[in-house]
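Build the complex from these two chains, which are given one at a time in their own frames, with help from the hints.
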Amino acid sequence: MAACSRIGGGGHSMDKSITLPPDEIFRNLENAKRFAIDIGGSLTKLAYYSTVQHKVAKVRSFDHTGKETEDEPLYEISVQEEITARLHFIKFENAYIETCLDFVKDHLVNTETKVIKATGGGAHKFKDLLEKKLKLKVDKEDEMSCLIKGCNFVLKNIPHEAFVYVKHAEPEFRFQTTHPDIFPYLLINIGSGVSIVKVESEDKFERIGGSSIGGGTFWGLGALLTKTKRFDELLQLASRGQHTSVDMLVKDIYGGAYGSLGLTGDLIASSFGKSATADKEFSKEDMAKSLLHMISNDIGQLACLYAKLHNLSRVYFGGFFIRGHPVTMHTITYSINFFTKGEVQALFLRHEGYLGAIGAFLKGAEEDSKFELQGRRLRSVVSVPGADPNQYSWGENYAGSSGLMSVSPDMFPMQRTRSGTLQFDMLEMDRLERQLVNLPLLLDSSSYIPDTMDLTEDAMAREYWLSCFEEALDGVVKRAVASQPDLQDARERAEKFRLKYRHKLQTLRHQPCAYGSLTVRSLLDTREHCLNEFNFPDPYSQIKQRENDLALRYFQKVVRSVEMLNWEDRQFALVKGLLAGNMFDWGAKAVSDVLETDPAFGFDEAKRQLQERPWLVDSYSKWIERLKGPPHKCALFFVDNSGIDIILGVFPLVRELLCRGTEVVLASNSGPALNDVTYNELQILTERIAAMDSVIHSGITKERLILVQSGSSSPCLDLSRLDKGLATLVRERHTDLVVIEGMGRAIHTNYYAVLRCESLKLAVIKNSWLAERLGGKIYSVVFKYEQPSK
Amino acid sequence: MKIKDAKKPSFPWFGMDIGGTLVKLVYFEPIDISAEEEQEEVESLKSIRKYLTSNVAYGSTGIRDTHLELKNHTLLGRRGNLHFIRFPTHDLPTFIQMGHDKNFSTLHTVLCATGGGAYKFEQEFRTIGNLQLHKKDELDCLVKGLLYIDSPSFNGQAECYYYENAMEPEKCRKMPYNLEDPYPLLVVNIGSGVSILAVYSKDNYKRVSGTSLGGGTFLGLCSLLTGCDSFEEALEMASKGDSTRADKLVKDIYGGHYERFDLPGWAVASSFGNMIHKEKRDAVSKEDLARATLVTITNNIGWIAKMCAVSEKIDRVVFVGNFLRVNTLSMKLLSDALKYWSHGQQKALFLEHEGYFGAVGALLGLLDVD
Chain A
1 MAACSRIGGG
11 GHSMDKSITL
21 PPDEIFRNLE
31 NAKRFAIDIG
41 GSLTKLAYYS
51 TVQHKVAKVR
61 SFDHTGKETE
71 DEPLYEISVQ
81 EEITARLHFI
91 KFENAYIETC
101 LDFVKDHLVN
111 TETKVIKATG
121 GGAHKFKDLL
131 EKKLKLKVDK
141 EDEMSCLIKG
151 CNFVLKNIPH
161 EAFVYVKHAE
171 PEFRFQTTHP
181 DIFPYLLINI
191 GSGVSIVKVE
201 SEDKFERIGG
211 SSIGGGTFWG
221 LGALLTKTKR
231 FDELLQLASR
241 GQHTSVDMLV
251 KDIYGGAYGS
261 LGLTGDLIAS
271 SFGKSATADK
281 EFSKEDMAKS
291 LLHMISNDIG
301 QLACLYAKLH
311 NLSRVYFGGF
321 FIRGHPVTMH
331 TITYSINFFT
341 KGEVQALFLR
351 HEGYLGAIGA
361 FLKGAEEDSK
371 FELQGRRLRS
381 VVSVPGADPN
391 QYSWGENYAG
401 SSGLMSVSPD
411 MFPMQRTRSG
421 TLQFDMLEMD
431 RLERQLVNLP
441 LLLDSSSYIP
451 DTMDLTEDAM
461 AREYWLSCFE
471 EALDGVVKRA
481 VASQPDLQDA
491 RERAEKFRLK
501 YRHKLQTLRH
511 QPCAYGSLTV
521 RSLLDTREHC
531 LNEFNFPDPY
541 SQIKQRENDL
551 ALRYFQKVVR
561 SVEMLNWEDR
571 QFALVKGLLA
581 GNMFDWGAKA
591 VSDVLETDPA
601 FGFDEAKRQL
611 QERPWLVDSY
621 SKWIERLKGP
631 PHKCALFFVD
641 NSGIDIILGV
651 FPLVRELLCR
661 GTEVVLASNS
671 GPALNDVTYN
681 ELQILTERIA
691 AMDSVIHSGI
701 TKERLILVQS
711 GSSSPCLDLS
721 RLDKGLATLV
731 RERHTDLVVI
741 EGMGRAIHTN
751 YYAVLRCESL
761 KLAVIKNSWL
771 AERLGGKIYS
781 VVFKYEQPSK
Chain B
1 MKIKDAKKPS
11 FPWFGMDIGG
21 TLVKLVYFEP
31 IDISAEEEQE
41 EVESLKSIRK
51 YLTSNVAYGS
61 TGIRDTHLEL
71 KNHTLLGRRG
81 NLHFIRFPTH
91 DLPTFIQMGH
101 DKNFSTLHTV
111 LCATGGGAYK
121 FEQEFRTIGN
131 LQLHKKDELD
141 CLVKGLLYID
151 SPSFNGQAEC
161 YYYENAMEPE
171 KCRKMPYNLE
181 DPYPLLVVNI
191 GSGVSILAVY
201 SKDNYKRVSG
211 TSLGGGTFLG
221 LCSLLTGCDS
231 FEEALEMASK
241 GDSTRADKLV
251 KDIYGGHYER
261 FDLPGWAVAS
271 SFGNMIHKEK
281 RDAVSKEDLA
291 RATLVTITNN
301 IGWIAKMCAV
311 SEKIDRVVFV
321 GNFLRVNTLS
331 MKLLSDALKY
341 WSHGQQKALF
351 LEHEGYFGAV
361 GALLGLLDVD
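Respectively, the protein sequence lines represent chains A and B. Quick note: the first sequence uses this note's numbering, first residue 1, plus one each step. Quick note: the second sequence uses this note's numbering, first residue 1, plus one each step.
Isolated chain B, as found in the complex (with noise of 0.2 Å):
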């Protein structure tokens, strides 16, 4: 990256991603700090980095990432760590509140911000915090976010990777990919809802499509299915629970194969098919429940991504976002899937920092801030 010297932007540096769920913030905390800059250093500067490194939680809600840290790390010709923090979005109002608390707005700081939330909360961050939004285009910003890291090395190791013999527990590997030359490529955002970007070149991508079935609907299935309260108490019950018990499948039809159509008997046919009968619903699981919606929400968008990887003549399809975060299930769901119904031909490629692209590209915007 070609780094202009001649006026950069002060600290902090933030990018922040608020979208429908989570806010995704990446700060960047510089590690090459003059003796001079240290003297220099406001207060409140000092205080809000000192609270941002010195933690991995935040409130309730509030957590970093820290093995997602990027150490190290040369920007815009400073060296530092990149850090990388996320919390709900319905606690995006208290940390408006905390910005106000720790005078952020005396620090003259551009504050780059994308998602849905960047304009929703404009006014919000205005009044409460004093503070003015740098909005930028949310798939401007994943794209141009994913691009930057998807470079080889991630503190030594690579960023991008797939699953071999994804089925197979004994024989499951996660492996290392090259994505040097990422061009084309599919990108599958799966945060709240799931949008689905061709990606050409670096300049040069559009939104193929998209579907309202993501992140959000699996959690809000699940905590009325189930009543449980959050992402990892929903993935929890689904590690431990059988869809085929709520599923049916296509050999609950035909006995076995559906040989007229080449359709396994494994195959679910219908989701939640046997939900329809009293009996299977008495004898069913939450933790069954948990794991039928999982299945049913993750091969949906697998088979959506592949339908468009087609139309589009891309083979490689990457998926993102926070709905992958701890989710191993669905990567794994994902990869067999694409693997079986495209015959080999279509790869499912994951990256480390799945749900931070965004908030990434939002951060790069400080580049174009005069």
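Pulled out of the complex, with its shape left as it was, chain A reads as follows (with noise of 0.2 Å):
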């Protein structure tokens, strides 16, 4: 139910006096459209669809018709703007809406909106001013229908969305991985009092019961019993209490457990039971703590009873009781767990306290889409900016996004306001331009962790991890600055995005799990987010440029040496300059001063470095014994680095598989990260080497060589996050290897992945922390060759 409280008062609670960072908080307001406003008792959530426009990096392929010269680079590299969809969503305080929505009015040019959705309970009593300031009319939506939609599209979207909280553990934090299917749930909102909804599908959900025991309760019955007013204070005071000084005990009733019927000792028989005839004085923080487990506790067992009543296992909680307090969320937990036997957990959200604004925005995009399609009929207009979301895949923009805990308006407003500043809690989401799948090919999608370290579990690493990334910075700054040589504000802009992303890695040292589980790849996916929010779209698109460049001209020499072997050696020699070439890699800190320092650092020297077998991980035996079988019916082939390693390393063996029988899918990355081959830049290279090696030039016409993006702008790879297409493919050509290549993707993440398929890992270890601690040295080797267990 609603929490509508704290609103009333008229305008004098109104803080006009603080001036707002445009650059920072209401960004985007230039293109804006669509908005969407959640008032809730304390807090307001402001939601709006907005374009960015950024530069990316394009590549052309020149036309070689004809004359060929030797200066001429390879292909054209140009920065464009692109337009990209982004969904804004601020959160503060209700103090300041008037200002906020002055602010929003000034800086808002260029809008055809006239509408603005509203929902949560306070919407009715702003109606007025939101008209008066925006000059847009109030569009009032159902909060229950704006918290469900919300709560979908945030399952669907943001991994490691959902938590379970583990009072005293390290971390405190469990994220959930995503279910493919997230029907069907329970959501049990906790506002001034406590609503259950079942949600059985996108449009089908029912609240199935509900109690007015809720936030309200402790709240109201907190202030008279304490004389405390405000509901973080209680909660405070809560924290410090013991409520069996009120409670009545099993044990004082019985002098111990209730044996026969397994009830221990510290059981509470009956809440303030011991207010009841104890003459005495209870202090203000037993009661308040007494009061806390009465009301968690409750709230715990009704959810309990209809979980079990409608056989459901995934239990949400939201509402103000929870958002992100520890104590709220310790004592629901612990009281689930009391009354399922662990059998049911409660699980909380890390954008909780967005899903009103998300639901309310969505209600209106997709009307909206509903009238564009109309328009589009009429006007037969090729593409519908913006239509409804729900078609699309979004994605959690880390550069945007405060994080969990990071910066939180509800929990300190005391430090707060002694500091003097204002926060605002912000999550930002990127619109993707493909629709994101998991891959067919696992063996069980519910269970895959596409990381293989978490570093909020482990310490140790996330030490080393953080230090790393922190001492990479001044490569990262200096690189962004190289690649852009003709733009004077590069420099500015590289330094803004140090600043932006050390105070990222401050904020993960200090919370770890303010965007999900910290993992190497969320630590590299900030920093790629953090680069193109200042514009750097792709650092190392030069360099990309001159390898390819200069790999190309080795290539057939490189075919032809091993063309002369004998069978047996030339499968040897064709994984050992796989993995050769996959030491060419910017993104090792080891492997980018070899390259800046000696450009001689070539294949040959890449393949004398090479660990000598066995290696690290060994299942090069296997692998041969398997191709001497039967050839693969479709090999899919996650590809890793530009120039040495894709030109020499993968096409060499890919064009051994094509002479097998095999068909090749080689999967890239749909946008630039690091130097990481790129799906444009890979079409104008296979291009190239189809004109000069027959093998290919009759795979690719003949369509047994095909080329697909992956969906991903990672250095890393979430097998549950790719492009549809893809995995269409996949399951038409009935795909029965996945290579997949390099440290970030084979290592860092999927090294346990199972499929159910054959699948290849294989990288060399470019970091000696990383080696060390799987028991090798820097440039080990790791050959991972397995086959679904039958």
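Hints listed in this document are in silico derivations from the structure and should not be mistaken for laboratory results. Watch out, some of these pointers could steer you wrong.
Okay, the calculated bits of chain B under chain A, using three or more residues with CB under 8 Å as the criterion [unchecked claim]:
1) 22-36
2) 203-214
3) 299-312
All residues carry an ideal CB built from backbone N, CA and C; glycine is no exception.
Following this line, the structure appears as structure tokens:
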């Protein structure tokens, strides 16, 4: 039920004295449209859709018909402006609503928006203010429908959205992997009262029950009993209290446990039972604690009764009573564990506070898209900008989002007031160009975890990687500046990037769970997001171009040298070539140092540096045995770096596979990340290789060699979020082998991924700390070939 | 009941239920005493009988519920009157002391006791009163006592009843209910805390749920909020108050019904939800707070009972326990809530001897004692 409090009192509590930093809070207002607002008991959440114009690096093939000159580069790189869609969500205290609305109005230009969707208990109280300030018509939406819509959206689009809370554990947050099918689930919203909603599908949900004993009861009764006015102060009181002096426990009645019923002595038999008989004073802390237990237990019990009655095991909790408060998350978790004997886990959501705003926004978007679709039929418009968001996949933008508990307006209001700074919490989501789905070849998509190491659990590894990324920052800044020699503001932007990313690292050091589980992948992705934020779309574009160019010149020579060998030697040379190629990786610091200082470090040198067999992980013999058998039907190959890696390492092996009668699907990144080869680059490279190699040429023309994009722009690989087209192709071609190459994709992620078909994961460990941890030295080789168990 | 004539326990016959807040005592006063027996009756036994039957109040806190007395009742082949007495658990030491003073221990009586206090105070009974308690399981006693007493006749009137038109003061009637075939039955025992049992037959029952929000919570919160001293006083205040001044109703939030979810405007959205506003805290009376506490606790119990009834597929819910004593307000609320939220499917039933079934069950324990 609605939290609808502290909103009243007219304008006297409004704080108009603040000034807002425009670059940081209500961003991208210029093109903003489709507003939605959720006004709760103490917090307002504003949502809008905007387009972000940012630079993207494009590659375009030159026309090579006829003459080819030696010094002409392989392809043309251009930086273009591209417009992408982004959703903005901002959370702030109701006291600042007027200031914020003024700010939005002043910065809102070029918008066709006429309506603002509004939800939450405060929506009607602020209706006039909204209409007056924004000159938008307020269109009210049902609160619970918005909440559910928002919940579906975050569960689908944000990995690590849901978590289990374990007090005193390291880490306290245990994030859940996103289940491919989010339905059915139970949402328990604890506002002033409690609503229990069963959600069965996108459009089907039902309020199956509720209770009047909720957050308002804690607050209201707490205020009466302790004379403490604020909700968060009451929680603080409770966290210091002892409920046993107020509650009548089983042992107060029995003298011990009630054994035959299995009721332990510490169990509460009667909440506030001691205050009924004992003639004494009770401390505020103790009463607050007793009240907290009473309410949490009551809600937990109801939740369990409903979960059991409807046979549901996924139970999410939300509402202002929960909203990131460790105290209430703990008591609810405790209660659920008690009543279900551990069968049901209480789940919480990282973006729980935004659900209403997200839902209200989506409602508006759906209505618009219906309207636009009608318009399209009439006018035959090709693209519908920002049509129904539910038709796309979205990703959390780590650069623009605050993260869990890193800034939480409702956590420490006292502290904040004293320090005088105004805190805003933000969530930004980017529309992904492609719709993302599971790789159909995952053995069990619901238990698949992409990341090999969870840095929230491993303090030592966390410390290492955080420091590692911090140390690498100078190099990244340098690279970013060098990638844009013609742009005068490059240095300034690069410094902004440095500040932003360093701040993110500091936040993560302080709160590792801020963006879900902390992993090497999330650290890499956050860096990419921050680089993009400051218009460094592809700092490695020229390097990739130069290396691709160089490597192409050696392609035929490498192929010829391999072809001379007998079958067995050839197979080994191909694998060695692939591994050597993989050493050329600008992502790894040890290698980038060598490459920067010694350009002569060549392909042959790399082969010499490689570890001799037996490798750190070595199932090569098994692989060779398999190759002696019938050819694979189709191999899906997740490629890694540009240059020597893809051209001299991957292509010769691809050639061999094609010759064996195996079809090959090459999957590369949709967008740039480090020096990884992108889909567009790979198209040009393949074209060039096909021109000089008949096997590749015929593979392309006969569609036995197919290039696809992965849907990702990360140096790592999440097999549960892949381009839908790739998934379709994998099914159509009956793929029976998956090759994953490189540290990012095969070690940091997917090392433990189990597939339904054969898989080959190979990488060179180019980080001495990681190599040591795995029991080897730098440049150790991982060659992990696995067959599905029958 | 089959009576073994051969070996009857010696008088006095007591059953005792020592709860968290109240001690419930059932005393069988034989009225078929022969002259011979009278002669043999030792002084101490006589004095106990006289003391218990000639008074309706004991000390400052003990009370005999005369209206519940079962007259001319046959138990173990003897005819007599069954008396129902209660006093606060914190006065139990006084009671034990009295037992000592009246030489209770010389009577070789079997004292059957149940409730948590049977365990907690066992030592004190032994050392101070020189009495050996026969401890009986609380829920066994409750079920046993309930099935014993619910027989159709209670001094010629019905033991079991329900409320018709509970929320309409003009039309509300207390109606007898025939519980001849009691199974299956959901029993909600509201003492300091709450236990919910599903009873399928005489020997087959299970505890399905419970809650710590019970009578103790009502009285505890009430005394903190209003400074009242007793259950009776708390109820008296509640009867004069208006809970909607403390509670936030659905209509307070939505201006009327919340149609999307079919919630009526009069339903409580948040118990004490209005009390988060200072001006409303200043305006509320102690009576309003007492009423809100009563309504909150009662509705919560009703809702949990309803859920258990659905999940156990039982339509008849009988509410017992001393929380309901002189508490028609709660009984009517429970009647209405169960009817409304189950769309008339479930029925709330009540029993005249609401709080004494555990003690009766303990008394019946005399049968099992050698």
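Quick rundown of the hints versus the structure:
Coverage of the region 22-36 of chain B by chain A is violated. Counting CB-CB distances below 8 Å, 0 residues qualify, and the rule asks for three or more. With a cut-off of 8 Å between beta carbons, the region 203-214 of chain B has 6 residues touching chain A; three or more are needed, and the interface restraint holds. Under a criterion of three residues with beta carbons nearer than 8 Å to beta carbons of chain A, the stated coverage of the region 299-312 of chain B is upheld, 8 such residues being counted.
Violated hints amount to a single one, hint 1; each of the other numbered hints is respected by the structure.
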